[in-house]
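J.: Letter by letter, the chains look like this.
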Amino acid sequence: MKMIFNFLLRVFRFIIFVFYYLKELIVSSLYVAWDIITPKDLMKPGIVEVPVDLKSETAIIAFANLISMTPGSLTMDMSPDKKKIYIHAMYLHDKQKFIDKMKNELEHKIRQIFD
Amino acid sequence: MEFAASPVLTYAIYFSFFALTISLFMGLYRLLTGPTLPDRIVVMDLVASVSIGLIINYIMATGQTVFLNVAVAIALLVFMGNIAFAKYLIRRIEK
Amino acid sequence: MIIEWIAAFFLVSGSLFMLVAAIGVVKLSDVYMRMHAITKAASLGAILMLAAVSLIYIEWLVWVEALMVVVFIIITAPVASHMIAKAAHITKMPKGPGYIMDELEEADNTFPEEEKQ
Chain A
1 MKMIFNFLLR
11 VFRFIIFVFY
21 YLKELIVSSL
31 YVAWDIITPK
41 DLMKPGIVEV
51 PVDLKSETAI
61 IAFANLISMT
71 PGSLTMDMSP
81 DKKKIYIHAM
91 YLHDKQKFID
101 KMKNELEHKI
111 RQIFD
Chain B
116 MEFAASPVLT
126 YAIYFSFFAL
136 TISLFMGLYR
146 LLTGPTLPDR
156 IVVMDLVASV
166 SIGLIINYIM
176 ATGQTVFLNV
186 AVAIALLVFM
196 GNIAFAKYLI
206 RRIEK
Chain C
211 MIIEWIAAFF
221 LVSGSLFMLV
231 AAIGVVKLSD
241 VYMRMHAITK
251 AASLGAILML
261 AAVSLIYIEW
271 LVWVEALMVV
281 VFIIITAPVA
291 SHMIAKAAHI
301 TKMPKGPGYI
311 MDELEEADNT
321 FPEEEKQ
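Residue numbers (this note's numbering), protein chains in the order written: chain A, 1 to 115; chain B, 116 to 210; chain C, 211 to 327.
None of these hints come from the bench; they were simulated from the model. Treat the hints with care, as some may be off.
Below 35 Å or equal to it, Euclidean Cα-Cα: the simulated DSBU-like pairs (lysine-lysine) are [claimed, not checked]: (1) A:K44 / B:K202; (2) C:K237 / A:K103; (3) A:K95 / C:K305; (4) B:K202 / A:K101; (5) A:K23 / C:K237; (6) A:K44 / A:K82.
Only chain A is shown next, with the shape it has when bound in the complex (with noise of 0.2 Å):
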């Protein structure tokens, strides 16, 4: 019974993330698009060096494909033993608070689907 359970919570929890998946691309593509038409020197590049402690490939998979279709990150690269992600940035003003964010909301995120 508490299989069955935790069975549908978890495929309720993949619709709901689903869904935010399509609102990441879409807010990231006004993004994007804002950025390219108007005119800029604001810009501060930069690849940023993550720690992840996800445990399945699935679930780092997915954190990839999630970071790269939130505004302003694109996943470049991982270290071999799957510890650390190496993201490149649009905006890196304030690096901890980047950091931060994709630590806390999207991983966490993750963790709760596929770990």
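Keeping the supplied structure of chain A fixed, place chains B and C upon it in accordance with the hints.
T.: Frame of chain A; chains B and C shown alone:
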């Protein structure tokens, strides 16, 4: 071309063809002047998306939904092309 | 009638997103920035145009094929862009101006074991 759509949709299709053609020419500019090979691979990705858009415009204009198969094939092939180009870049630097 | 207005809106906005992606490819300064534009704006443009097609033609085959293309684009666009960004960084393509840090350059693990053989 014989348009099988209502007036609103016809104007939308005209505008869409116009915008997609302009974006193809912009991709051509980057393809000719791109300084490195990855720039040109990025243009391949752009051209794939734009050609999916062109196929959809053609379907809307003529009503022949068979051509949606072509969109499926393009979406499949471009992924393979990207992976192959990335592998090729890594192999080339190792030589 | 209202369906046609919605479909026309989707068609126009999808092609505008593709135009914005093309402007970004011309205008932005290096490979990684152009990848940002392609991954997000162009795939959203394709998804919007497929939504327009499936609004106008009410056939299950059209819906299934449009759904296939949407799912495939959503899954593979980030993977392809990250493969190309990784390859471009391994081959040391020149970066644009204004970079404030590059922690991947300092790390010594860009070559995984499987690529070496």
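J.: All hints are to be evaluated individually against the structure, with a verdict given for each.
T.: Outcome of the hint check:
no., hint, verdict
1, A:K44 / B:K202, "holds (29 Å)"
2, C:K237 / A:K103, "holds (32 Å)"
3, A:K95 / C:K305, "holds (20 Å)"
4, B:K202 / A:K101, "holds (32 Å)"
5, A:K23 / C:K237, "holds (26 Å)"
6, A:K44 / A:K82, "holds (27 Å)"
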